[in-house]
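K.L.:
Next come the chains, spelled out residue by residue.
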Amino acid sequence: NAGVTQTPKFQVLKTGQSMTLQCAQDMNHNSMYWYRQDPGMGLRLIYYSASEGTTDKGEVPNGYNVSRLNKREFSLRLESAAPSQTSVYFCASSEQGLWGNTIYFGEGSWLTVV
Amino acid sequence: KQEVTQIPAALSVPEGENLVLNCSFTDSAIYNLQWFRQDPGKGLTSLLLIQSSQREQTSGRLNASLDKSSGRSTLYIAASQPGDSATYLCAVRPEDSNYQLIWGAGTKLIIKP
Numbered sequence: 001n002a003g004v005t006q007t008p009k010f011q012v013l014k015t016g017q018s019m020t021l022q023c024a025q026d027m028n029h030n031s032m033y034w035y036r037q038d039p040g041m042g043l044r045l046i047y048y049s050a051s052e053g054t055t056d057k058g059e060v061p062n063g064y065n066v067s068r069l070n071k072r073e074f075s076l077r078l079e080s081a082a083p084s085q086t087s088v089y090f091c092a093s094s095e096q097g098l099w100g101n102t103i104y105f106g107e108g109s110w111l112t113v114v
Numbered sequence: 001k002q003e004v005t006q007i008p009a010a011l012s013v014p015e016g017e018n019l020v021l022n023c024s025f026t027d028s029a030i031y032n033l034q035w036f037r038q039d040p041g042k043g044l045t046s047l048l049l050i051q052s053s054q055r056e057q058t059s060g061r062l063n064a065s066l067d068k069s070s071g072r073s074t075l076y077i078a079a080s081q082p083g084d085s086a087t088y089l090c091a092v093r094p095e096d097s098n099y100q101l102i103w104g105a106g107t108k109l110i111i112k113p
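Chains as they are written, first to last, in my numbering: chain E, 1 to 114; chain F, 1 to 113.
Honestly, the hints are just simulated from the structure, not real lab data.
From a predicted model like this one, the values you see are computed outputs, not experimental measurements.
Just to be clear, a hint being listed does not mean it is correct.
As the list claims (entries may be wrong) - Pairs of lysine-lysine residues, derived as DSSO-like cross-links and limited to a Cα-Cα distance of at most 27 Å, are as follows: (1) E/LYS14 to F/LYS42; (2) E/LYS9 to F/LYS68; (3) F/LYS68 to F/LYS112; (4) E/LYS71 to F/LYS42; (5) F/LYS42 to F/LYS68; (6) F/LYS108 to F/LYS1; (7) E/LYS57 to F/LYS112; (8) E/LYS57 to F/LYS1.
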């Protein structure tokens, strides 16, 4: 079972470049999430999509955009990358929000902005 | 603002020991609390979820407790094994959000053979 798949796994960008992180889940989940993880800090929610067709800001949305392409796919776009966006990015999904539902994570995307 | 703290940041113990990992949170208005495991270069895996009305949950050698009023949770690992080496994170879901988790920074656990 693939679960949550995100690509690419590693990426190096120059300041000002743009890129899109792709995420897909095969569990027929309604809700999807993008987090970032920085050293010494907990995960922080960037954006989430409660269901197909909706997206909402999380704690740290500045500098990012998202698209819920269909029920399976949720992409994260950096329009003009900055060194402060160097981080590990995780996509996750859950059946319907977090009402006691397990949340499933992808394996992460390591992004370095130089 | 809810804050979640995990102390210590790292812990190294010999194989076979029983151990306790700690998680504290500042606001008791939580819906549930989860413990996750993160292996290097991998995603996070949910280990245990405790609803706010529960006191503990058990899965195999793992037992998680929750004292909502004091803002504390512990993850007890019995008879530790080298395969338990990982980073353990706790996260709380605030009562007022169905989509937000507030995370601790994690405890990196090393079990020495």
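K.L.:
Now tell me if each hint is right for this structure.
P.N.:
Verification of the supplied hints:
Our distance criterion of 27 Å between C-alpha atoms is met by E/LYS14 and F/LYS42, whose separation comes to about 25 Å. For the proposed pair E/LYS9 and F/LYS68, the alpha carbon gap of about 38 Å is over 27 Å, so the pair is violated. Taking the CA atoms of F/LYS68 and F/LYS112, the gap is near 33 Å; set against the 27 Å cutoff, the hint is violated. A hinted pair counts as satisfied when its Cα atoms are at most 27 Å apart, and E/LYS71 with F/LYS42 qualifies at roughly 24 Å.
Among the hinted pairs, F/LYS42 with F/LYS68 is inconsistent with the structure: their alpha-carbon atoms are about 30 Å apart, more than 27 Å. Note on F/LYS108 and F/LYS1: the hinted pairing holds, with a Cα-Cα distance of about 25 Å set against a maximum of 27 Å. Proximity of E/LYS57 to F/LYS112 is assessed by CA-CA distance (about 42 Å); at most 27 Å being required, the pair is judged violated. A hinted pair counts as satisfied when its Cα atoms are at most 27 Å apart, and E/LYS57 with F/LYS1 qualifies at roughly 17 Å.
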